[in-house]
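Asks: Read top to bottom, the protein sequences are chains Z and A. Counting in my numbering, the first sequence runs from 1 upward without gaps. Counting in my numbering, the second sequence runs from 1001 upward without gaps.
Keep in mind that the hints were calculated from the coordinates and are not lab data. Glycine included, every Cβ here is placed at the ideal spot set by N, Cα and C. Some hints here could point you the wrong way.
[As the list claims (entries may be wrong)] Ranges between beta-carbon positions, derived for each pair:
| no. | chain 1 | residue 1 | chain 2 | residue 2 | range |
| --- | --- | --- | --- | --- | --- |
| 1 | A | Met1089 | Z | Pro59 | 21 to 27 Å |
| 2 | Z | Gln305 | A | Val1015 | 36 to 42 Å |
| 3 | A | Gln1036 | Z | Pro59 | 55 to 61 Å |
| 4 | Z | Pro59 | A | Ala1308 | 50 to 56 Å |
| 5 | Z | Thr127 | A | Gln1331 | 19 to 25 Å |
| 6 | Z | Ala24 | A | Lys1327 | 32 to 38 Å |
| 7 | Z | Ala24 | A | Met1089 | 42 to 48 Å |
| 8 | Z | Ala24 | A | Leu1298 | 53 to 59 Å |
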Amino acid sequence: MTVKVLIVDDSAFFRRRLTEIINADPRLDVIATAADGQQAVDLVSLHRPDVITMDLEMPVMDGIAAVRQIMRRRPTPVLMLSTWTTEGAKATLDALEAGALDFLPKRFEDLTDDRQKLCERIYCLATNARPHSAPLQSNSLPSRQIKTDTNKTLDLVVIGTSTGGPVALQKVLTQLPATFPYPLILLQHMPATFTPSFAERLNNQCQIRVKQADNNDTLQAGTAYLAPGGNQLLVKGRPGRLYLQIERGNEAETYRPCIDITLSSVSKICPATTLTIILTGMGADGCEGTKKMHALGGAVWAQDQQSSTIYGMPMAVAKAGVVDKILGLSDIGPQLAAL
Amino acid sequence: MALDTDDEILQDFMVEAEEILDGLNEQLVALESQPQDSDLLNSIFRGFHTIKGGAGFLSLDAMVALCHKGEDVFNLLRQGERRVDADMMDTFLKVLDSLNAMFSELKSGEYPQSADPAIMSQLAGYLEADATPAPAIPEPEPEPEPVQAPPAEANSGGGDDITDDEFEALLDQLHGNAAPGMKNPSPAPEPTAKAAVADDEMTEAEFEALLDELQGKKHDPAPKAAEPVKTESVKAVDSPPPAAEKPADNSKSNTPPAPAKAAPPPAETSVRVDTARLDEIMNMVGELVLVRNRINTLEAAFENEEMAKAVNNLAVVTADLQSAVMKTRMQPIKKVFGRFPRVVRDLARSLKKDINLELRGEETDLDKNLVEALADPLVHLVRNAVDHGVEMPDIRESAGKPRTGNIVLAAAQEGDHILLTIADDGAGMNPEVLRRKAVEKGMMDEEAASRLTESECFALIFAPGFSMKQEISDISGRGVGMDVVKTSISKLNGVIDIQSELGKGTTLSIKVPLTLAIMPTLMVMLGNQIFAFPLVSVNEIFNLDLRKTNTVDGQQTVLVRNKALPLFYLRKWLTNHFDDSAKPATEHVVIVNVGTRKVGFVVDQLIGQEEVVIKPLGALLHGTKGLAGATITGDGRIALILDFPELMTAYAHRSF
Chain Z
1 MTVKVLIVDD SAFFRRRLTE IINADPRLDV IATAADGQQA VDLVSLHRPD
51 VITMDLEMPV MDGIAAVRQI MRRRPTPVLM LSTWTTEGAK ATLDALEAGA
101 LDFLPKRFED LTDDRQKLCE RIYCLATNAR PHSAPLQSNS LPSRQIKTDT
151 NKTLDLVVIG TSTGGPVALQ KVLTQLPATF PYPLILLQHM PATFTPSFAE
201 RLNNQCQIRV KQADNNDTLQ AGTAYLAPGG NQLLVKGRPG RLYLQIERGN
251 EAETYRPCID ITLSSVSKIC PATTLTIILT GMGADGCEGT KKMHALGGAV
301 WAQDQQSSTI YGMPMAVAKA GVVDKILGLS DIGPQLAAL
Chain A
1001 MALDTDDEIL QDFMVEAEEI LDGLNEQLVA LESQPQDSDL LNSIFRGFHT
1051 IKGGAGFLSL DAMVALCHKG EDVFNLLRQG ERRVDADMMD TFLKVLDSLN
1101 AMFSELKSGE YPQSADPAIM SQLAGYLEAD ATPAPAIPEP EPEPEPVQAP
1151 PAEANSGGGD DITDDEFEAL LDQLHGNAAP GMKNPSPAPE PTAKAAVADD
1201 EMTEAEFEAL LDELQGKKHD PAPKAAEPVK TESVKAVDSP PPAAEKPADN
1251 SKSNTPPAPA KAAPPPAETS VRVDTARLDE IMNMVGELVL VRNRINTLEA
1301 AFENEEMAKA VNNLAVVTAD LQSAVMKTRM QPIKKVFGRF PRVVRDLARS
1351 LKKDINLELR GEETDLDKNL VEALADPLVH LVRNAVDHGV EMPDIRESAG
1401 KPRTGNIVLA AAQEGDHILL TIADDGAGMN PEVLRRKAVE KGMMDEEAAS
1451 RLTESECFAL IFAPGFSMKQ EISDISGRGV GMDVVKTSIS KLNGVIDIQS
1501 ELGKGTTLSI KVPLTLAIMP TLMVMLGNQI FAFPLVSVNE IFNLDLRKTN
1551 TVDGQQTVLV RNKALPLFYL RKWLTNHFDD SAKPATEHVV IVNVGTRKVG
1601 FVVDQLIGQE EVVIKPLGAL LHGTKGLAGA TITGDGRIAL ILDFPELMTA
1651 YAHRSF
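Let the sequences and hints guide you as you build the complete structure.
Replies: Take a look at the structure:
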């Protein structure tokens, strides 16, 4: 059973390239291509693709509007192919908010790596991901009163996530009050050009303050520090006086920011008073780090399979047996707020 | 390093990018008159964006850099953060020229050179003026593959640890003054409360105050980014995806929930075909036409009704096939016309004239080869109209005309040919001046000049070395243009005609056949040999009493509706056994347009009209003056196709 792919791009050149690249993967099959958003919406109803690659800038209807419509009519996993500029970042985040699941750079030169990555991502989205028709509906039923087992006061909350993370983070953080008593560190796998826009967006949406982490930032309660893309974020200092150190990421590192690297730095300072939350994402980043944190007495929460866009990273920590709580996405915010 | 221009990917890119560039050309000029048109701005933005994408794919860095800048500036424009001004337009037209130059380099298999740094810095200037951060270079994406997590300590080497003392010192430093090396890379467009929050120097009280302020701000009913979401966030998130269609219906969705359209447009209704392949098909259809002609002729000998029906069928299908194939090669003349708004704008600006260009019949289709071949001659003629035709605004005003001159560029299909006209409402041409000029240049004596009719005078401008302009400008007036134009139109089996009225303006009309591959001809006999006249040049056919000819100035002429036309005996030129004695009383005379003049040719027999495929002459005959090629006729014989302008030059020693 091959995965049916719909390609949406206004450039005939890119439609052909993408078709070639995707069809070269035996698991994938391009069933149709659309030159604008409106065509895409129509073709989704007609061909029922398993996954869609979507361009942002298109005539007639742009990628964001198309995603919105597709999510309303026939929710389908959408991979945004964007240019990685500041502008592209804003538009991509809009598209994610509209319901797109993931994004990749639109740049597949001759690197077989890039192409494999694209096919891999498409396949994974088609087979593992669950698109949400209205991804941001906030289920704020005053859920069951959750008894907090974390009696000790915390120094820090670290949230690590990847695919599906931008929307998940938004959902969790918007539920925190401005008086949230702990600092948060947000580790979202994201390119460097995206994180400033993402931090700004979260800051506009949340009551807590959200900023992109800067070198030497002193951690303050009620503030979330988003790790800058392309870099590694290290926590330094001592409990009560934690500060951040940003290190230029090494090209060889798989993830920049890497959750494991940050957790490793935390584990040297305040492992027992840190709550680590692993949200949706492909891969297993964060697993090694949480093992370490857990061993040193730190609490670990993970998102459940049901609500994860991609149940990869949460599954890895759950399988490692280092998780204290497995929660649905809509429960994480309220439980965090109740701490 | 050279590029492989045969590479399919590169070909793909060039085809698409060229279309976009053509479009950009028009759009940029249009933008000048409607600088706020957001569709236009978006579309130009996308143009740069798409070219950049493709160029990036092919690692054409120079092109990427230039398009990237262009895209950024248009992004500001479309968001209303900047306005288009004349200076910017000039820059963008330069950008376009630069891109076009890069394309020429690409076509010749070279990696494009970097754009002129001056242009790049101008573009950068537009971006900086807005204090908008230049978009960062795309960063590589984190690996998605579920690989094992890297060793956690990879980055936290011992060197990173600091002692407590150092730490205290650092803290003091942090709180005391702005920490060294502490930058704020996040662009804060409005230095509002938020930006202040980012400052680490604040006291707790201040912080609280700010928090309140922020919160207050957040209670604002419309937090901009979250807005579209919140309108929909009513239903439970757990609802399975299909059920989500209902809430969508209730929400104030801006589009109808279900597409009412019966058939959505198919994904891709067109394919790109190499023109060489089309040429091949056209060639074969040409052969088929010849076979049909042959069968037609053969069939006449049979008198078999069934056979006749089948042959008729074949004729119909062949004709349909021929026109269908011809259509595949058709392109709208827009492809050529599209560049004129820019040409006229640039020229008028540099000449300080006010000119309005009107395009008509842009959608007229003609053969791709023709479209390309017509481009240069048309540019020449339009430039001439701007330079020589339309007067300076002041002169126009004193002549009682509006200050803004008008040039109309029109195309229309008339039967089996295309009529192109370039009309200006300028000064028109003065036949007297032309006559004088011809004498000055030693092209003819005064007497011959005074005998020229008005239209013959106008035709003088097509003569080599004839320039109208007193001073030679860099735009036109070197006197090489018009004869080249005429030659290239003739090569297309086309004719060019001038009408001009002093003080009112000049109209140039060009007639070209719809296609170059198949040519309608008039078949005639000279002796026992068949010749084909390109039908586009044939004006009319007469049966004339040849005794009623006059000899004027040593040239036999015939009066047709009170106009004297030179008369020539083609058989004298083209057949070996010309017998002057057996001259019948009346003969067939074919009036032909040669250049801008009419000439009568006496022929022995008229056969009729036939569509032929032009075949090049064999090596032996190659280069024979006056012959455009050969073809195979319906009865299987070979007919030579005549090239009248060349014929006249070679045999009548006249140039037309």
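Asks: Evaluate each hint against the coordinates.
Replies: Each hint, compared with the structure:
Look at A:Met1089 against Z:Pro59: about 23 Å separates their beta carbons, and that is inside 21 to 27 Å. Distance hint for Z:Gln305 and A:Val1015: a CB-CB separation of about 47 Å, inconsistent with the stated range 36 to 42 Å. Hint check: A:Gln1036 to Z:Pro59, Cβ distance near 18 Å, so the stated range 55 to 61 Å is violated. Against the hinted window of 50 to 56 Å, the Cβ-Cβ separation of Z:Pro59 and A:Ala1308 comes to about 54 Å, which satisfies the hint.
Under the hint 19 to 25 Å, the C-beta atoms of Z:Thr127 and A:Gln1331, about 45 Å apart, miss the expected range. The given range of 32 to 38 Å is respected by Z:Ala24 and A:Lys1327, whose C-beta atoms sit roughly 35 Å from each other. In this structure the supplied range 42 to 48 Å holds for Z:Ala24 paired with A:Met1089, their Cβ-Cβ distance being about 44 Å. Between Z:Ala24 and A:Leu1298 the C-beta distance comes to about 54 Å, which sits within the given range of 53 to 59 Å.
The structure shown violates the earlier hints numbered 2, 3, 5.
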